[in-house]
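Undergrad: Sequence:
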Amino acid sequence: MVEISDYVHNKKEEVKGFISSLNKNSKKNLKIVIVQVNDDEASNSYIKGKIKDLCELGISHQLLKLKKDISENALFEIIDQLNKDESVTGFIVQLPLPPQIDENKVKRMIDPKKDLDGFNPLSPFLSATPKGILTFLKDNRYVMVGKNAVIIGRSDIVGKPMAKALLNENMNVTILHSYTTKEDRKFYLEHADLIIVAVGKPYFIKKDEYKFKKDAVIIDVGINRVNGHLIGDCEPDLGVYFQSPVPRGVGLLTRLALILNLLEAYKNYGF
Numbered sequence: 001m002v003e004i005s006d007y008v009h010n011k012k013e014e015v016k017g018f019i020s021s022l023n024k025n026s027k028k029n030l031k032i033v034i035v036q037v038n039d040d041e042a043s044n045s046y047i048k049g050k051i052k053d054l055c056e057l058g059i060s061h062q063l064l065k066l067k068k069d070i071s072e073n074a075l076f077e078i079i080d081q082l083n084k085d086e087s088v089t090g091f092i093v094q095l096p097l098p099p100q101i102d103e104n105k106v107k108r109m110i111d112p113k114k115d116l117d118g119f120n121p122l123s124p125f126l127s128a129t130p131k132g133i134l135t136f137l138k139d140n141r142y143v144m145v146g147k148n149a150v151i152i153g154r155s156d157i158v159g160k161p162m163a164k165a166l167l168n169e170n171m172n173v174t175i176l177h178s179y180t181t182k183e184d185r186k187f188y189l190e191h192a193d194l195i196i197v198a199v200g201k202p203y204f205i206k207k208d209e210y211k212f213k214k215d216a217v218i219i220d221v222g223i224n225r226v227n228g229h230l231i232g233d234c235e236p237d238l239g240v241y242f243q244s245p246v247p248r249g250v251g252l253l254t255r256l257a258l259i260l261n262l263l264e265a266y267k268n269y270g271f
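This note's numbering applies: residue 1 is where the sequence shown begins, and numbers increase by one.
Honestly, the hints are just simulated from the structure, not real lab data. Where a beta carbon is used, it is the ideal one built from N, C-alpha and C, also for glycine. Each hint can be trusted.
Simulated restraints on C-beta separations:
| # | residue 1 | residue 2 | range |
| --- | --- | --- | --- |
| 1 | P236 | P121 | 32 to 40 angstroms |
| 2 | P99 | Y203 | 24 to 32 angstroms |
| 3 | Q81 | D102 | 13 to 21 angstroms |
| 4 | K207 | S26 | 45 to 53 angstroms |
As a list, the in silico BS3-like pairs of lysine-lysine whose alpha-carbon atoms are at most 27 angstroms apart:
| # | residue 1 | residue 2 |
| --- | --- | --- |
| 5 | K113 | K31 |
| 6 | K52 | K65 |
| 7 | K11 | K27 |
| 8 | K147 | K214 |
| 9 | K201 | K164 |
| 10 | K201 | K214 |
| 11 | K31 | K107 |
| 12 | K182 | K207 |
With the hints as extra help, turn the sequences into a complete structure.
TA: Right, dumping it as structure tokens:
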């Protein structure tokens, strides 16, 4: 498999050509709005990366950074305005949200056709992280049919939608979580062809605890800051065929997937 940074660079070059042509020939350009209601360090870093991508690709964008004490109703009014604004191709509401705002209500308020993060249950878009991973695997011609996939983590953002996406590719999918015993975790991981780790715990998977298949692929979704450094949920060099790096791994794929969902929204719905 190609390095993720090289893959994303090449993919963005493809996208850049399409967007350049679109900006010249279309009366309506792409536009994305990012709504932020936190001052979370990880969110700030992620949004900074997103905006860097959008500037590089020539995509119109707007960051709405709202006060953390905004009321739920005031946020709902902003979401309603974005739903109705025909100049906005799509938008996201960056998580996490402050405690006074119900995250599930927010997800359901976003117009599914503009829901680039794929959080609305009716959204036609796959969540950005699972989509980025799946697109990367497919573009690298990774054969999924009949193989064993193990996902560690059952979040609504990564674990569950990732499992559904891999089931749709006819993989055998197992989800492990905090109640899985160490013995069972060891068994499933050592028999896995594809392993996706998304638990948010530094070096949760250690090389001296498992004997992975030599041709296994490990996708490390974790981004943990330890002593000023970003590290993953997996120790480096686990001795498998491919292991995604941290940083410059899944984060890049997630940002790419957001762009791909934006293009899909434009092509399918014409906003």
